[in-house]
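When you get a sec, could you build the whole thing from the sequences and use the hints?
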Amino acid sequence: MLAHELHLALQETARALPVGPVHPEDLLRRGRTLRRRRQRLRGSAAGLALSVLAVTGYAATTDSTLLGWRPTNAQVAAPLPPVDASPEDVVRAYVAALNAVDTDAVRALSTPEKFQRDERAEGSWLRKSPRITKLQLGPTRPESGEGTSAAGLRFVVFITAEFDLGRHDAATESGGPTVWGYLLGRNSTAERWLVVDEGV
Amino acid sequence: MASGSDDDFTDYVRSRWVQLVRSARLLGCAPSEAEDLVQVALARCYSSWPKVASASSPDAYVYRALVNCLAKSRRRRWWGETPVEDLPEQDSWTPDHAAAASTALPLHDALARLVPEQRAVLVLRFYADLTEQQTAAALGIAVGTVKSRTARALAALGRDEAIADLHHDRA
Chain B
1 MLAHELHLAL QETARALPVG PVHPEDLLRR GRTLRRRRQR LRGSAAGLAL
51 SVLAVTGYAA TTDSTLLGWR PTNAQVAAPL PPVDASPEDV VRAYVAALNA
101 VDTDAVRALS TPEKFQRDER AEGSWLRKSP RITKLQLGPT RPESGEGTSA
151 AGLRFVVFIT AEFDLGRHDA ATESGGPTVW GYLLGRNSTA ERWLVVDEGV
Chain S
1 MASGSDDDFT DYVRSRWVQL VRSARLLGCA PSEAEDLVQV ALARCYSSWP
51 KVASASSPDA YVYRALVNCL AKSRRRRWWG ETPVEDLPEQ DSWTPDHAAA
101 ASTALPLHDA LARLVPEQRA VLVLRFYADL TEQQTAAALG IAVGTVKSRT
151 ARALAALGRD EAIADLHHDR A
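Protein chains in written order, with the numbering used here: chain B, 1 to 200; chain S, 1 to 171.
Treat the hints as calculated values from the structure; they're not laboratory data.
Note that the structure is a prediction, hence the values are computed from the model and not measured.
Careful, some of the hints might be misleading.
[Unchecked claim] Listed next, with one range per pair, are the computed distances between beta-carbon atoms:
hint: 1; chain 1: B; residue 1: 104; chain 2: S; residue 2: 4; range: 34 to 40 angstroms
hint: 2; chain 1: S; residue 1: 117; chain 2: B; residue 2: 86; range: 49 to 55 angstroms
hint: 3; chain 1: B; residue 1: 26; chain 2: S; residue 2: 72; range: 17 to 23 angstroms
hint: 4; chain 1: B; residue 1: 84; chain 2: S; residue 2: 15; range: 41 to 47 angstroms
hint: 5; chain 1: B; residue 1: 33; chain 2: S; residue 2: 131; range: 30 to 36 angstroms
hint: 6; chain 1: B; residue 1: 36; chain 2: S; residue 2: 8; range: 18 to 24 angstroms
[To be verified] Far from chain S, some chain B residues (derived; all Cβ distances over 12 angstroms):
hint: 7; residue: 9
hint: 8; residue: 30
hint: 9; residue: 88
hint: 10; residue: 99
hint: 11; residue: 104
hint: 12; residue: 142
hint: 13; residue: 162
C-beta atoms are modelled at their ideal positions from N, C-alpha and C, and glycine is treated no differently.
Structure (structure tokens):
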């Protein structure tokens, strides 16, 4: 198909798509709320940055680790949990790997299908690392996996989670408290639980 | 009280609303989802409006927000969804749109069969009329990638037998 053919056909296609009226005043109200939330977040971030600077300065002057922490610019490899780790430990390690931009660890803790899907996806957290903090896991419940990406796996569980999602791009994510869920599966008890899918 | 910036934003919204919602539809949104997604994207842009308005291409910025909102919504709507061979029924077409729909539906479906990255490039380039540079900025990819994805997407559409009539009608 030629480009100019597609241009004409797309305009024709689009004209057939009904569009409701716009309400700019609603958008302004929504935008103002979002702007206020961002300003509050910036204020909190500035406070946190000052605290980090103070701690960094203290650690540098005393030439010692403070509470076992030493400031560094290097990416930290996320440790993999043992093969017999619980689903909850796998999720914690998976989130730590995402935060650390440790692609190898993310790959090791995901099914190959999920990893490939995330590699291809435009907005994937593999491409735009999130800053997930205050991770809290809810109860783990067994699932059949039917009708999901885990179909065919013998053992499937679902874990609910809540965390704070840091914003990484003004045009991308507003961040903040996020309710999430992880689907994990494996085919035998000798295998590690792997993340099959995630989302709300 | 509305500021000058608010007036600018309102003017922009009024002038682009229809095109943005239709772009969202072409990008793969359901009818009920498209308008909400565009509202979210525009609200985000409003919170940084001075920056958006002074950008070399405000449209590219807004489309970047829209594409990212769509990616985020897709990441969240995974539970219970599995890929299917046959596409679900499309939304109902009003009588006023029936004539256009007779040729439009096959292309809409053909776009849906492309991988999302290729679909996005085609919609931004050939419906939203963004340049290659603006499309690259909107999608956060290199201009060369826009070119290669466009070529592959056009080739894929060319191989799609469901829209073969469309080629012949326009030939």
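Consistency of beta-carbon spacing, residue 72 of chain S to residue 26 of chain B, with hint 17 to 23 angstroms | holds (21 angstroms)
Is the hinted range of 18 to 24 angstroms satisfied by the C-beta distance from residue 36 of chain B to residue 8 of chain S?
-> Since the Cβ atoms of residue 36 of chain B and residue 8 of chain S sit about 20 angstroms apart, the hinted range of 18 to 24 angstroms holds.
Given as non-interface: residue 9 of chain B, which should sit over 12 angstroms from chain S by C-beta = violated (5 angstroms)
Could you check the hint for me, namely that residue 117 of chain S and residue 86 of chain B are 49 to 55 angstroms apart, CB to CB?
-> violated (36 angstroms)
Going by Cβ atoms, does residue 88 of chain B stay more than 12 angstroms from chain S at every point?
-> Given a closest Cβ separation of 19 angstroms, the condition holds.
Just double-check residue 162 of chain B for me: nearest Cβ-Cβ distance to chain S has to come out over 12 angstroms.
-> At roughly 14 angstroms from the nearest Cβ of chain S, residue 162 of chain B sits farther out than 12 angstroms, so the non-interface label holds.
Regarding residue 104 of chain B and residue 4 of chain S, is the given constraint of 34 to 40 angstroms on their beta-carbon distance met?
-> For residue 104 of chain B and residue 4 of chain S the Cβ distance comes to about 51 angstroms; the hint is violated.
No chain S beta carbon within 12 angstroms of residue 99 of chain B's | The assertion about residue 99 of chain B holds, with a minimum of 17 angstroms to chain S.
Would you check whether the claim that residue 142 of chain B is not at the interface survives, using Cβ distances to chain S and the 12 angstroms cut-off?
-> Given that every Cβ of chain S is farther than 12 angstroms from that of residue 142 of chain B, nearest at about 16 angstroms, it holds.
Does the claim that residue 104 of chain B lies outside the interface with chain S hold up, using a Cβ gap greater than 12 angstroms?
-> Answer for residue 104 of chain B: holds, closest chain S Cβ roughly 22 angstroms.
So the hint says 30 to 36 angstroms: do the beta-carbon atoms of residue 33 of chain B and residue 131 of chain S match that?
-> For residue 33 of chain B and residue 131 of chain S the Cβ distance comes to about 33 angstroms; the hint holds.
Beyond 12 angstroms from every chain S Cβ - status for residue 30 of chain B | Label violated. Min Cβ-Cβ 4 angstroms, cutoff 12 angstroms.
In summary, the numbered hints that this structure violates are 1, 2, 4, 7, 8.
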